[in-house]
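From just these sequences and the hints, can you work out the full model?
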Amino acid sequence: MADLLRVENLCKSYPAGGPPWDRRRVMALDGISLSVQRGKTLGLVGESGSGKSTLGRCVLGLTEASGGQVIFDGTPVQGLTGRALSDFRRRVQPVFQDPFGSLDPRWPVGRSVREALDCFRIGTAATRDGQVLDLFNRVGLDPALACRFPSALSGGQRQRVAIAAALASEPELIIADEPVSALDMSVQAQILNLFMDLQADLGVASLFITHDLGVVNHVSDDIAVLSRGKLVELGQTDQVMRHPSHAYTRSLLAANPTLVKGEPHAHRTD
Amino acid sequence: MSVLSFTSVSVRFGGNTPAVNGVSLEVKPGEIFGIVGESGSGKSTLANAVMGLLPGTAQVAGSIAVNGREVLGLDEPSLRQIRGAEVAMIFQDASASLDPTWSVGDQIAETIRAHGPVRSAEAKARAIALMEEVGIPDAPRRYSDVPHRFSGGMRQRIVIAAAVANNPKLLIADEPTTALDVTLQAQVLALIDRLRRSHGTTVLLITHDLGVVAQVCDRVGVMYGGKLLEVASASDLFARPSHPYTRALLAANPAGAPRGSRLPVIPSEWSVESLPAAEASNG
Amino acid sequence: MSRLRSTNAMILAGLAVLALLGVIAVAAPWIAPYDPEALDVMGVMGPPSLAHPFGLDVLGRDVLSRVLYSLRVSLLVSISAVAVATLLAVPLGLLAGYFGRWVDTAISRALDMMLVLPAMLMAITLIAILGPGSAVATLAIAMIYLPILARVMRTSTLVVTGLDYVAGSRARGASHLRVLVSHVAPNALGPVVVQASVLSAFALQLEAGLSFLGLGTQPPTPSLGGMLADGRDVLIQAPWVEIFPGLAIVIAVLAFTLLGEGLRRVFDPRGVAE
Numbered sequence: 001m002a003d004l005l006r007v008e009n010l011c012k013s014y015p016a017g018g019p020p021w022d023r024r025r026v027m028a029l030d031g032i033s034l035s036v037q038r039g040k041t042l043g044l045v046g047e048s049g050s051g052k053s054t055l056g057r058c059v060l061g062l063t064e065a066s067g068g069q070v071i072f073d074g075t076p077v078q079g080l081t082g083r084a085l086s087d088f089r090r091r092v093q094p095v096f097q098d099p100f101g102s103l104d105p106r107w108p109v110g111r112s113v114r115e116a117l118d119c120f121r122i123g124t125a126a127t128r129d130g131q132v133l134d135l136f137n138r139v140g141l142d143p144a145l146a147c148r149f150p151s152a153l154s155g156g157q158r159q160r161v162a163i164a165a166a167l168a169s170e171p172e173l174i175i176a177d178e179p180v181s182a183l184d185m186s187v188q189a190q191i192l193n194l195f196m197d198l199q200a201d202l203g204v205a206s207l208f209i210t211h212d213l214g215v216v217n218h219v220s221d222d223i224a225v226l227s228r229g230k231l232v233e234l235g236q237t238d239q240v241m242r243h244p245s246h247a248y249t250r251s252l253l254a255a256n257p258t259l260v261k262g263e264p265h266a267h268r269t270d
Numbered sequence: 001m002s003v004l005s006f007t008s009v010s011v012r013f014g015g016n017t018p019a020v021n022g023v024s025l026e027v028k029p030g031e032i033f034g035i036v037g038e039s040g041s042g043k044s045t046l047a048n049a050v051m052g053l054l055p056g057t058a059q060v061a062g063s064i065a066v067n068g069r070e071v072l073g074l075d076e077p078s079l080r081q082i083r084g085a086e087v088a089m090i091f092q093d094a095s096a097s098l099d100p101t102w103s104v105g106d107q108i109a110e111t112i113r114a115h116g117p118v119r120s121a122e123a124k125a126r127a128i129a130l131m132e133e134v135g136i137p138d139a140p141r142r143y144s145d146v147p148h149r150f151s152g153g154m155r156q157r158i159v160i161a162a163a164v165a166n167n168p169k170l171l172i173a174d175e176p177t178t179a180l181d182v183t184l185q186a187q188v189l190a191l192i193d194r195l196r197r198s199h200g201t202t203v204l205l206i207t208h209d210l211g212v213v214a215q216v217c218d219r220v221g222v223m224y225g226g227k228l229l230e231v232a233s234a235s236d237l238f239a240r241p242s243h244p245y246t247r248a249l250l251a252a253n254p255a256g257a258p259r260g261s262r263l264p265v266i267p268s269e270w271s272v273e274s275l276p277a278a279e280a281s282n283g
Numbered sequence: 001m002s003r004l005r006s007t008n009a010m011i012l013a014g015l016a017v018l019a020l021l022g023v024i025a026v027a028a029p030w031i032a033p034y035d036p037e038a039l040d041v042m043g044v045m046g047p048p049s050l051a052h053p054f055g056l057d058v059l060g061r062d063v064l065s066r067v068l069y070s071l072r073v074s075l076l077v078s079i080s081a082v083a084v085a086t087l088l089a090v091p092l093g094l095l096a097g098y099f100g101r102w103v104d105t106a107i108s109r110a111l112d113m114m115l116v117l118p119a120m121l122m123a124i125t126l127i128a129i130l131g132p133g134s135a136v137a138t139l140a141i142a143m144i145y146l147p148i149l150a151r152v153m154r155t156s157t158l159v160v161t162g163l164d165y166v167a168g169s170r171a172r173g174a175s176h177l178r179v180l181v182s183h184v185a186p187n188a189l190g191p192v193v194v195q196a197s198v199l200s201a202f203a204l205q206l207e208a209g210l211s212f213l214g215l216g217t218q219p220p221t222p223s224l225g226g227m228l229a230d231g232r233d234v235l236i237q238a239p240w241v242e243i244f245p246g247l248a249i250v251i252a253v254l255a256f257t258l259l260g261e262g263l264r265r266v267f268d269p270r271g272v273a274e
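Chains as they are written, first to last, in my numbering: chain A, 1 to 270; chain B, 1 to 283; chain C, 1 to 274.
Hints are supplied without guarantee of correctness; some may be wrong.
Below, simulated SDA-like cross-link-like pairs (lysine to any residue); rule was C-alpha separation at most 25 Å, straight line [as the list claims (entries may be wrong)]: (1) Lys40(A) <-> Pro264(B); (2) Lys230(A) <-> Val182(B); (3) Lys124(B) <-> Pro100(B); (4) Lys230(A) <-> Gln187(B).
Because the hints were derived from the structure by calculation, they are not lab data.
Laid out in structure tokens, this is it:
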């Protein structure tokens with residue numbers, strides 16, 4: 001099957017202190033190569049500072065990489081301009097962690113969903129309001145909420161709005177950066193279900209970035225493990241969870257709490 | 001005698017719905033008692049009530065006894081005496097509990113000297129010993145480092161060292177590992193477990209994370225909408241949850257479900273989203 | 001709750017006093033009992049009386065009329081100076097904070113160079129070049145506050161630019177201009193509004209200071225600073241010449257400060273959370 005997204009030897013470094021003539025650089029991403037197939041989910045796991053969010057932002061073109069390539073549907077993304085860039089943006093959409101920060105507090109949430117329709121000129125001005133309501137239905141939200149402000153919505157409702165906004169342009173790939181980490185367990189389950197339903201119905205591929213091994217195990221076809229900017233493990237979910245090859249993955253799995261008191265972790269390999 | 005007992009404790013913040021609603025509970029000496037709940041369950045409000053840390057608008061009813069002594073209605077000087085010496089508290093954000101301009105060692109020593117006449121050299125020696133005990137490498141040298149020179153996990157260890165400095169009978173830990181990565185979380189939980197064994201401290205651990213409960217708690221209370229729904233030993237809770245909410249919460253955890261399956265969703269009467277918004281704010 | 005109420009009270013009180021002063025300033029020609037420049041040689045330094053409630057100054061001019069007319073100039077200069085500074089500072093701070101990199105470096109360094117000059121020195125230099133007068137004073141004050149306001153705008157822009165809804169809007173196909181105008185600017189403007197209202201108080205004082213030194217509003221046009229300068233020699237014999245324009249300055253500054261502090265509490269999340 002063809003790769004929808006291919007990341008080749010991606011690097012990103014930041015200047016980190018030191019005098020101007022001896023500026024040291026921190027490697028946030030150090031030669032990452034991975035790919036996401038059409039309709040599949042790649043789970044990207046790592047702890048804070050591993051570079052997993054930076055990778056997501058590089059793929060979205062929100063952060064410029066210092067080296068390597070991001071190739072979407074056969075076309076390198078760097079250097080895209082005008083129509084081609086707009087077309088890429090339409091096909092790749094983000095969903096962020098913080099449902100408080102991902103919606104403009106001064107806009108009614110329906111307007112945030114409509115923004116993509118306006119910017120990508122999807123439909124006509126007259127049909128867009130109807131499309132917004134369809135999107136609200138699609139993510140299981142009461143369309144009456146469209147005229148509310150984010151502050152009047154619960155965390156789960158806000159995350160549904162953010163997903164509706166991402167779906168507006170009918171993307172082929174969703175970059176989901178910790179989409180359920182800020183949510184309560186009961187709400188998290190609903191949002192994960194919504195994700196899986198959408199994937200089944202619409203065939204959207206996703207790069208699912210998270211620190212939570214339980215979540216990533218549940219939703220991913222493949223898993224990539226990032227540690228300090230390096231890709232330490234990449235493979236099918238079962239393979240990685242049952243027989244992790246890298247010591248870091250093993251320590252991550254060992255530290256992950258399970259719900260069975262006193263028994264060793266089901267996936268632990270000693 | 002229990003170290004901490006709640007008898008029909010209710011807390012109201014003006015509104016009609018109480019944040020904590022008739023909670024009765026006994027915490028036994030030396031155990032780690034987990035209180036687990038989602039947003040708006042009242043778990044943090046309950047913890048803050050013990051320390052007298054609720055805002056002035058809160059109306060508290062019932063009785064909270066620490067070592068058999070009633071703490072509700074105590075004046076500020078008596079409360080201060082209890083805080084630190086008998087009850088210590090740690091929070092989610094370690095850097096917020098530490099003064100960024102003071103060395104971490106001095107902050108621990110300060111806590112030691114605040115509750116009894118101790119010479120400064122002795123306080124310093126005890127502070128270093130505590131830092132070693134919580135696993136700060138090279139403690140004597142790092143005594144004079146300021147908090148930002150430590151990682152998040154190390155800062156939480158220092159906060160724990162300061163909290164147990166005066167051998168409190170009771171340690172209240174409000175989401176102590178929520179801000180930490182899983183590997184650090186496991187280490188800090190192991191540290192809390194080790195300290196309660198060596199110091200004989202009773203721990204009240206507030207968390208939203210059933211995984212944390214499974215890792216260290218002896219007994220657990222499940223809270224929803226201000227009410228204590230069930231109390232059970234940790235192993236019983238996971239093996240034989242008796243309350244429908246607990247069962248739903250456990251089922252909603254993706255770690256236990258087959259890959260890609262739809263997760264059972266908590267029935268709407270037990271959903272966080274059906275709680276009144278005003279109360280759903282204590283994280 | 002009580003804090004929120006007192007915040008609203010501060011804003012309302014500030015606005016009410018400023019509105020009153022504004023009405024007085026606009027209506028000065030109609031409500032002033034005398035021509036502010038008319039001399040009454042017989043009544044020089046006459047004390048407050050029914051005919052002249054604030055007394056007469058060293059040249060026998062009615063102090064009340066002069067204070068009313070002075071307010072016109074002082075409010076006009078201070079408000080327009082801050083308005084000019086804000087209008088220039090908002091786009092500069094927005095561009096610097098949003099685009100970063102060399103845009104930020106260029107704008108920030110230029111602002112730093114304006115900031116290193118002491119305020120009064122800069123005003124005096126500008127006036128030395130362009131000659132004294134209210135218009136030049138306005139420009140000088142605007143130049144002093146421009147870098148301060150631009151920095152505030154840059155900082156709040158940096159914060160808003162880092163938020164996910166800005167990244168999300170970019171990903172949803174919005175152009176830089178669209179993101180700036182519809183998301184970043186409206187959400188980043190709060191602190192600048194607060195700062196501008198606080199600075200208006202200082203601008204009023206600065207205008208008075210410049211006029212006191214003879215560098216601002218030129219006689220015979222009355223100004224609060226100029227009146228203070230006139231009265232300082234006769235402070236003992238005729239204190240009313242000094243006291244009433246002084247009081248006018250205090251009231252106007254207090255009103256601006258109340259408004260600014262009230263707005264600060266509204267926009268500062270820590271203030272609201274308490």
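Checking one constraint from the list: CA of Lys230(A) to CA of Val182(B), max 25 Å. Satisfied? 18 Å, holds
Holds or violated: Lys230(A) to Gln187(B), with C-alpha atoms at most 25 Å apart: 24 Å, holds
Next pair to validate is Lys124(B) with Pro100(B); report whether the Cα-Cα distance is within 25 Å. 19 Å, holds
For the pair we were handed, Lys40(A) and Pro264(B), check the Cα-Cα distance against 25 Å. 23 Å, holds
When the structure is compared with the earlier hints, no violation turns up for any of them.
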